[in-house]
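Participant: Keeping the supplied structure of chain A fixed, place chain B upon it in accordance with the hints.
Sequences listed follow chains A and B, in order.
Using numbering that gives the first Met the number 0, the letters of the first sequence correspond one by one to residues 0 to 332.
Using numbering that gives the first Met the number 0, the letters of the second sequence correspond one by one to residues 0 to 195.
Quick caveat, the hints were computed from the structure, so don't treat them as lab data.
Note that the structure is predicted; figures quoted are calculated from it, not measured.
Among the hints, erroneous ones may be present.
[Said to hold, decoys possible] Below, simulated SDA-like cross-link-like pairs (lysine to any residue); rule was C-alpha separation at most 20 Å, straight line: (1) A:Lys63 to B:Asp131; (2) A:Lys34 to B:Asp127; (3) B:Lys160 to B:Arg25; (4) A:Lys34 to B:Ser130; (5) A:Lys63 to B:Arg87; (6) A:Lys7 to A:Glu155; (7) A:Lys34 to B:Ala17; (8) A:Lys33 to B:Gly133; (9) A:Lys7 to A:Leu92; (10) A:Lys34 to B:Val132; (11) B:Lys160 to B:Gly147; (12) B:Lys160 to B:Ala17; (13) B:Lys107 to B:Ile138; (14) B:Lys160 to B:Arg187.
[Stated by the list, open to error] Covered by chain B, according to a simulated footprint, are these stretches of chain A (three or more residues, beta-carbon under 8 Å): (15) 26-32; (16) 138-146; (17) 159-171.
Positions of the beta carbon are idealized from the N, C-alpha and C atoms, including for glycine.
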Amino acid sequence: MRHLLSAKDLSREEAVLILDTSATMAATQQREIKKLPPLRGKTVVNLFFEDSTRTRISFEAAAKRLSADVINFSAKGSSVSKGESLKDTAQTLQAMGSDAVVIRHSASGAPHRLATSGWIDAPVINAGDGTHQHPTQALLDAFTLRRHLRPGTTGEGLDGATVVIVGDVLHSRVARSNVDLLHTLGAEVTLVAPPTLVPVGVESWPCALSYDLDATIADVGPDAIMMLRVQRERMSSTGGGFFPSPMEYSRRYGLDGRRLAALGPDALVMHPGPMNRGLEISAQAADSAQAVILEQVSNGVAVRMAVLYLLLAGSDGTSPTTTPEPELKDVHA
Amino acid sequence: MTSGTPARSGERVVLDEADIARATTRVAHEIIERNLGSADVVLLGVPTRGAHLARRLGQRVLDADHRDDALEAIVGTLDITLHRDDLRRQPTRAIEPTTIPAAGIDDKVVVLVDDVLFSGRTVRAALDAVSDVGRPRAIQLAVLVDRGHRELPIRADYVGKNLPTSTSEHVAVRLAETDGVDEVAIDRGARAEDGR
Numbered sequence: 000m001r002h003l004l005s006a007k008d009l010s011r012e013e014a015v016l017i018l019d020t021s022a023t024m025a026a027t028q029q030r031e032i033k034k035l036p037p038l039r040g041k042t043v044v045n046l047f048f049e050d051s052t053r054t055r056i057s058f059e060a061a062a063k064r065l066s067a068d069v070i071n072f073s074a075k076g077s078s079v080s081k082g083e084s085l086k087d088t089a090q091t092l093q094a095m096g097s098d099a100v101v102i103r104h105s106a107s108g109a110p111h112r113l114a115t116s117g118w119i120d121a122p123v124i125n126a127g128d129g130t131h132q133h134p135t136q137a138l139l140d141a142f143t144l145r146r147h148l149r150p151g152t153t154g155e156g157l158d159g160a161t162v163v164i165v166g167d168v169l170h171s172r173v174a175r176s177n178v179d180l181l182h183t184l185g186a187e188v189t190l191v192a193p194p195t196l197v198p199v200g201v202e203s204w205p206c207a208l209s210y211d212l213d214a215t216i217a218d219v220g221p222d223a224i225m226m227l228r229v230q231r232e233r234m235s236s237t238g239g240g241f242f243p244s245p246m247e248y249s250r251r252y253g254l255d256g257r258r259l260a261a262l263g264p265d266a267l268v269m270h271p272g273p274m275n276r277g278l279e280i281s282a283q284a285a286d287s288a289q290a291v292i293l294e295q296v297s298n299g300v301a302v303r304m305a306v307l308y309l310l311l312a313g314s315d316g317t318s319p320t321t322t323p324e325p326e327l328k329d330v331h332a
Numbered sequence: 000m001t002s003g004t005p006a007r008s009g010e011r012v013v014l015d016e017a018d019i020a021r022a023t024t025r026v027a028h029e030i031i032e033r034n035l036g037s038a039d040v041v042l043l044g045v046p047t048r049g050a051h052l053a054r055r056l057g058q059r060v061l062d063a064d065h066r067d068d069a070l071e072a073i074v075g076t077l078d079i080t081l082h083r084d085d086l087r088r089q090p091t092r093a094i095e096p097t098t099i100p101a102a103g104i105d106d107k108v109v110v111l112v113d114d115v116l117f118s119g120r121t122v123r124a125a126l127d128a129v130s131d132v133g134r135p136r137a138i139q140l141a142v143l144v145d146r147g148h149r150e151l152p153i154r155a156d157y158v159g160k161n162l163p164t165s166t167s168e169h170v171a172v173r174l175a176e177t178d179g180v181d182e183v184a185i186d187r188g189a190r191a192e193d194g195r
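For reference, chain A alone in the conformation it holds in the complex (with noise of 0.2 Å):
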């Protein structure tokens, strides 16, 4: 594992590592001292050319805790916004040495340009690219979901979780990352969504698919049931015209007070953020008890956190091993 660019890439055992990884990073957040040495000297960029506020702060967070150094780029009041192209743009990050790179694109794909070019030598990782991949945000939300449902458990997966992911399928990268994550994990997915916001395609990917929330609630009787985020523009003739009005989207796919009362008071309730609230989630269902989405949100460093650690705090790119008995001997013996 040398770049982190989709959740497809990850084997069972890799991400299995990074979850175990995560738990450990999540146990030393509860410390009175957070910071940690393992990337000292290292640099990482964060490459934002698609605004975001949380990703990018949990990022840094993240790079922060480790004891790396942080450089922020952002296109706004860059000079990508005089015309720069990403080559360029990933060129002069090389020259100035940095160690990895965190990229957010709004082209599908931008991440493994920049990982296959051969314009950088640092480990990239994908932070977002277009309506593809979002692989931090699928292990955080498989990290908040082994924590819950198979609580102190270590090198194991998902099996036999079952898990509803409802909204806008067709433009969202948080759904297609955690179908392939969950799924090589073991866990079932099952995707809710109106006709119109479901991709071309989707028969081939290993879930099921429904355009019916209370009867999939019902059948499947699911562990947890993740919420994505609607574009209200999308309402619009303009954005494409993917349904009549909000009011309709959220009596159809709106996760309400019935629906959670449906589900039980054990199903997990996430939402990748940032909440519409009144769209797609209600504020009773968003505050209840069983909504992990704050903790989701602190899971999200920790992840992160083992995803750097994982990627630069060795020598090469090569994948850790899992037993690390025969080496730590060599330092003594």
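Facilitator: Frame of chain A, contents of chain B only:
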């Protein structure tokens, strides 16, 4: 008494199960003696084998000091991976969990427990890791085997066995919890390329 399995070829067993048991019991008593009891003592083992030794020592300390506390009240584990000075010279390592007794380590006497004391670099990393968790009154070091060849100004307070070795030799500590047998063996240079 000899250990359950014969030593591998090229190896010489220097401590068997009974030797390890005796050394552990002696060190447990030394810890109590030195600290005038065990009330403030916390044993932190360095994974993997140090953690097992810490549990064994902890049980003997509780027995010898006639306490019926839970083992978890005085024994924990301390991951040092994040504090190593050779992190970037090797492939990325998996991190082991750190568990600290509920009462914490502030103003306690922390006894670090490891299997082999060699260069001292592991102990240096452990000292850093301890200061991240709290501020103990004192830190002491207990090891099963001290094989010499220190690269840092570090010494052990409690030693199960001093074992003069050459740097080309390999010292293998095997414990029942991980290896199915209790023994310490020296490999004469056969794995010299592993030694540092």
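Participant: Evaluate each hint against the coordinates.
Facilitator: Against the structure, the hints:
no. : hint                 : result
1   : A:Lys63 to B:Asp131  : holds (16 Å)
2   : A:Lys34 to B:Asp127  : holds (12 Å)
3   : B:Lys160 to B:Arg25  : holds (11 Å)
4   : A:Lys34 to B:Ser130  : holds (12 Å)
5   : A:Lys63 to B:Arg87   : holds (18 Å)
6   : A:Lys7 to A:Glu155   : holds (18 Å)
7   : A:Lys34 to B:Ala17   : violated (43 Å)
8   : A:Lys33 to B:Gly133  : holds (12 Å)
9   : A:Lys7 to A:Leu92    : violated (27 Å)
10  : A:Lys34 to B:Val132  : holds (11 Å)
11  : B:Lys160 to B:Gly147 : holds (11 Å)
12  : B:Lys160 to B:Ala17  : holds (13 Å)
13  : B:Lys107 to B:Ile138 : holds (9 Å)
14  : B:Lys160 to B:Arg187 : holds (18 Å)
15  : 26-32                : holds (count 5)
16  : 138-146              : violated (count 0)
17  : 159-171              : violated (count 0)
The structure does not agree with the numbered hints 7, 9, 16 and 17 stated previously, though it agrees with the rest.
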